[in-house]
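Asker: Take these sequences, add in the hints, and give me the full structure.
Using this note's numbering, the letters of the sequence shown map in sequence onto residues 1 to 281.
It is worth saying that the hints were derived from the structure and are not from the lab.
Straight-line Cα separation of at most 35 angstroms, DSBU-like style, residue types lysine-lysine; simulated pairs:
{"#": "1", "residue 1": "Lys259", "residue 2": "Lys242"}
{"#": "2", "residue 1": "Lys242", "residue 2": "Lys122"}
{"#": "3", "residue 1": "Lys242", "residue 2": "Lys272"}
{"#": "4", "residue 1": "Lys122", "residue 2": "Lys225"}
{"#": "5", "residue 1": "Lys122", "residue 2": "Lys259"}
{"#": "6", "residue 1": "Lys38", "residue 2": "Lys111"}
{"#": "7", "residue 1": "Lys242", "residue 2": "Lys225"}
{"#": "8", "residue 1": "Lys122", "residue 2": "Lys108"}
{"#": "9", "residue 1": "Lys111", "residue 2": "Lys225"}
{"#": "10", "residue 1": "Lys38", "residue 2": "Lys108"}
{"#": "11", "residue 1": "Lys111", "residue 2": "Lys122"}
{"#": "12", "residue 1": "Lys225", "residue 2": "Lys259"}
{"#": "13", "residue 1": "Lys259", "residue 2": "Lys272"}
{"#": "14", "residue 1": "Lys225", "residue 2": "Lys108"}
{"#": "15", "residue 1": "Lys38", "residue 2": "Lys122"}
{"#": "16", "residue 1": "Lys272", "residue 2": "Lys225"}
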Amino acid sequence: MGDWVKNLAEVKCFIFLTLTENHPSESPHAVDADDLQKLLHLLQSTDDPLIQEQALITLSNRAAFSVNHDRIRNLDGISIIGRMLSDCIPRVKEKALNALNNLSMNIKNQKEIQVYIVQVCKDIESASLNSDLQLAGLRLLTNMSVTSDYHHMMINSIPCFLHVLSEGNERTQIQALKVLVNLSANPTMTRHILQAQAPSLLSLFDNCMNRDVLLRALTFAANLKRTVSPEDGTELQSQASKDSVFATLCGTSAPFAQKLASLLHHPDREVKEQVVRILTQ
Numbered sequence: 001m002g003d004w005v006k007n008l009a010e011v012k013c014f015i016f017l018t019l020t021e022n023h024p025s026e027s028p029h030a031v032d033a034d035d036l037q038k039l040l041h042l043l044q045s046t047d048d049p050l051i052q053e054q055a056l057i058t059l060s061n062r063a064a065f066s067v068n069h070d071r072i073r074n075l076d077g078i079s080i081i082g083r084m085l086s087d088c089i090p091r092v093k094e095k096a097l098n099a100l101n102n103l104s105m106n107i108k109n110q111k112e113i114q115v116y117i118v119q120v121c122k123d124i125e126s127a128s129l130n131s132d133l134q135l136a137g138l139r140l141l142t143n144m145s146v147t148s149d150y151h152h153m154m155i156n157s158i159p160c161f162l163h164v165l166s167e168g169n170e171r172t173q174i175q176a177l178k179v180l181v182n183l184s185a186n187p188t189m190t191r192h193i194l195q196a197q198a199p200s201l202l203s204l205f206d207n208c209m210n211r212d213v214l215l216r217a218l219t220f221a222a223n224l225k226r227t228v229s230p231e232d233g234t235e236l237q238s239q240a241s242k243d244s245v246f247a248t249l250c251g252t253s254a255p256f257a258q259k260l261a262s263l264l265h266h267p268d269r270e271v272k273e274q275v276v277r278i279l280t281q
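Answerer: Encoded structure:
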């Protein structure tokens, strides 16, 4: 690594000294390109996971401010951070995902980050359920799925998202639903989602469900019912299995209709509005 950093304590000192001095003419959150270059070089030049984590945390914090987005990209920072996704240590991968997540709030950055979408989907599937790594991956995909540009790259992972939604805790369910809601708003994704298996999906539509989970689940259902065409509906009606998303939400499902009727008495106004939206489609 060179003589300028020898251990984690010196790394922290180096990061503090180089990243706390701002130029008077710039935003207080801006980081000088030379200092960012040193930080990226540090990340490239060490195999120590503790130092990698510290460098990635600092990059993530700086990437939270738009003033640094272009600078990090122009220094090849996205590919340098992206290489950390091949690391076998979950904590390092998680911190890399957090940094990419903050950088993904920039359209030009998204064009570079898209090459990691398939890898991120695999990491979500292989990660421990409800782990920080899984959540970090879902957060990044949420940003990358705000527009439909990269939806096609997530098609094969729809069953994974639905499985995580079914088995995860409330925090994980919310993150999975954020991705699924974005995908369900795209008509070209409707058939792929409706054909997928989701045997526990109905359990989300319950008066006792966490409000944030319930609202997003209702939005997900409303999007799908709005975007499914009559032709697709007729075809899926004859093809869909009893555990498919289509059978639960769009088929002749008495249980789902009963759930919606019950939710009309929910105390939350937004929940009732979403229920009415589904019933009137």
